[in-house]
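Based on the provided sequences and hints, a complete structural model is requested.
These protein sequence lines map, in sequence, to chains S and D. Going by UniProt numbering, the first residue of the first sequence is number 1, and it counts up by one from there. Going by UniProt numbering, the first residue of the second sequence is number 1, and it counts up by one from there.
Derived by calculation from the structure, the hints in this document are not laboratory data. Predicted model, so just to flag it, every value in this text is computed and none were measured. Yeah, the Cβ is synthetic: ideal placement off N, Cα and C, and Gly gets one too. Accuracy of the hints is not assured; some may be wrong.
So, partial list: chain S residues that the calculated Cβ filter (under 8 Å) puts toward chain D [said to hold, decoys possible]: (1) P17; (2) E20; (3) L24; (4) L31; (5) A47; (6) A51; (7) H183; (8) S185; (9) S284; (10) G441.
Residue strings, one per chain:
2 protein chains.
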Amino acid sequence: MASSFIFSEWPPKLTEPQLESLTLAATTYALSHGLLYLPLPSPPSQAQPPAPTSAIHAPLALFPSPVPRALFDRAQRLQRVYNVLYARVALDEAFLDRVMGAVEGVGRADEFVGTLWRGWRAVRDEGVVQPLQLGLFRSDYLLHTGGAGVGAELELKQVEFNTISSSFGPLSERAAAMHRYLHASTGYFGVSPYLRADNFPPNDTTAGLAQGLAEAHKAYGVPGSQILFVVQPNERNVFDQRWLEYELLEKHAIHVVRQTFAELAESVAIDPTSRALLITPSPSTTPAPSAIEISTIYFRAGYVPTDFPTPADYATRIALERSRAIKCPSIPLQLAGGKKVQEALTKPGVLERFLGGGAESGGYGPEVLEEVRATWMGMWALDEDEGTTTTTTSPAPPEPAGTLKARAHASALDREAWIAMELIVPPAGTGSYLVRAGGGGGVRAEVISELGVFGLALFGGGAGGGKGEGEVREREVGWLMRTKGVESNEGGVAAGFSVLDSVVLVD
Amino acid sequence: MASSFIFSEWPPKLTEPQLESLTLAATTYALSHGLLYLPLPSPPSQAQPPAPTSAIHAPLALFPSPVPRALFDRAQRLQRVYNVLYARVALDEAFLDRVMGAVEGVGRADEFVGTLWRGWRAVRDEGVVQPLQLGLFRSDYLLHTGGAGVGAELELKQVEFNTISSSFGPLSERAAAMHRYLHASTGYFGVSPYLRADNFPPNDTTAGLAQGLAEAHKAYGVPGSQILFVVQPNERNVFDQRWLEYELLEKHAIHVVRQTFAELAESVAIDPTSRALLITPSPSTTPAPSAIEISTIYFRAGYVPTDFPTPADYATRIALERSRAIKCPSIPLQLAGGKKVQEALTKPGVLERFLGGGAESGGYGPEVLEEVRATWMGMWALDEDEGTTTTTTSPAPPEPAGTLKARAHASALDREAWIAMELIVPPAGTGSYLVRAGGGGGVRAEVISELGVFGLALFGGGAGGGKGEGEVREREVGWLMRTKGVESNEGGVAAGFSVLDSVVLVD
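This is how it looks when you write it as structure tokens:
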């Protein structure tokens, strides 16, 4: 679409008193409303204390970042198609074996992918006892100018599709609330006509993501069971997870037990008959330690090889997969998030195979498929056998300049897939005021902003009411805006750090 | 009332894993829900940074503290009588002149009180342009055993009545929510049958206090006017105040401007005709700085002499009093909170003069007055002329052992009033688990808990609908529980620090 909005003039200039006033209001709001990280321990090599005593505000942008209204609407609408697409990919064992497997696919060269895939195959051989799967997804986009200047067509281009540990939902909701508060309290000093309440889209991501976990829990259907959050040790983005716990407890009366892979190695048991997943926390807080049955496993760890420092950790991951608990995600759904899958979907006929056929057969018309395809950049697989050579000689950079490499959840599945993606070129010269704890106040910087759209899908077992395996119960459940200073920023002060942001809709 | 509850057995013992688990849950909840203080700057002599980057959790108790249900109900019920009482005291110029004035009363010997009183008298001489006054009160109580043992009659005894800067309302609400959360998430490990949801009284203090400020603002009736918060420089209990600002903005669309006395000295102007209070923030955030009209002044500073480091600060305080803005509190209402007033009310016939006469004349029956009087300990004025002598020879200690001397708002009006109060003796041996940031985890300690009940009163100008000056629009609006380790605590680890707590009702 063509936008009359001039991205290079964003954000409006602030005077020094305005910048100070806005920074004070923003950081105070962030601290009081749980838009938080845990601080780095001191010295940084130390573990987090057993109970936190302080928190820092998450890095944040003082202004929301502009997104054309039509593209924002499209991203939200397409999320429902993507939810179905990735659910169906996860259900297609043959496709995943071919693309990601250790015999034919990525798993041949990538030990991490190969290990997960072999674990999954072993579980399949034994017989999968839990057909239901839960996906909490996030599809990430950049705005793409095609390299043209002001007034050019702007397009929505997908960077990646996350099927595991799609983080920052609750913090994103709070960043959006913070921008609404800054607008309500200061009117942003009247510096821009775009900063109006009705240009700030609602963001209720916490409720949406928790609803997904609650629906899986309910589908599991065992009273007294709990949800397991598998977490990384020394996680600093812990409040983003805690908000989901609070929502599950307050709105759904569901309890959460948090464990690292190392803790799970000691605490997990699987009932040999039912394959119920049982956890006995240790040291126990009850006099007669009793095992807790787990309804749903929510992985906020397990997406990078460093989450599995010992072979025992992989064994734990596979044990969890064997259990009757509903996995968010299952191994196949995790594998479906690989870059190589993203590339495979661009091949002729593949999208049609998953989504074609029109509404009567659970598919979509060609115009919808075209809309999905329009969010993709060109992608090429560089065969593993010739990968190194091809990479060094390829005229196209193997990584899009616009992807936020610092993202916390950068999938290890991407690393070894040897995929080249056409360069996404965001609007040049767009700026923001970035604030980070200890950064000495707001810094104006040239930035790139990435929009994430959250979706959920519960599928695989006739979850939608017995209509069979093809049925996918899914919803679009919110969004995330993250913004990062680009390298060319003056003095490099803000380069390389990514902040929580929100959206101002422009036309 | 007689209570079957055994205070010396509270709280139930926790195992080490239970204590660790509860501490982690409590501090994480506190950090994420704005139960916060700003950290001490480093080094401590430094000013707070212009925008905060981190916060620590407020000191807190892991268990709520027991209060007999009947006494809790009584404290809430009596608050409405106290609201009327102190409003009427503030309206009785002759009484305040006699008790607190610089000619006959406390102001003779106490320079702070005398200066405030003289400022008030000057404003009266000139003519008071704003008859309306707002009180946000907190009446503080201890449980009193009369020194008898288990099973003895427990009584509710008033420590003091705060008429200025009644703080900790929003943090108290969050402490109560934290205990409800700990109960919901852990069931407190089943360690006590008293820890049931219906024994946790509701606490919506933030909404109540903000409602009071909003009613004053509305009574002032000037569109575009704002509320002024007068604050101390380097305030660390800032979030308690911010929650009121957020509530005013979100629920009432009222903006707040925060200023210290030093800032006000530069920014204040009073319209010579209307005496409207006008504030021009400097440095200005708008290109053409325009003055903001103030509807209501909420004092979170000005209750101790150190809040007035220069004579100019007193001049500012008096200038605010001269203005048409509604004061929370006015100088007379601030003076009404003096210890000497509390003592004067105990004299025969004084309570009757303010509250007697039955409902038809706006008074109360003798049984209500008796209930109020039953919350008082014996009090004696030690005349200034003989004060020193009497104090040293008096058999009764001049300060109740149970008062929390560390309270942030300890009124300077008390210091020079030379009042002796009969000793309040709380139930012995009551404990708590106290947690403070940097304190290295939860500490079990013997404690004293103080219950505060919040009230509001808008009065002085026929606020209740034109019924004349005697009309008081008032409500009970919530409560606070604060708990402090006593000196005799083993090792003194928790001695002298006061934590945010809440109430578990017992019978």
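Ascending list of hint numbers which this structure does not respect: 5, 7
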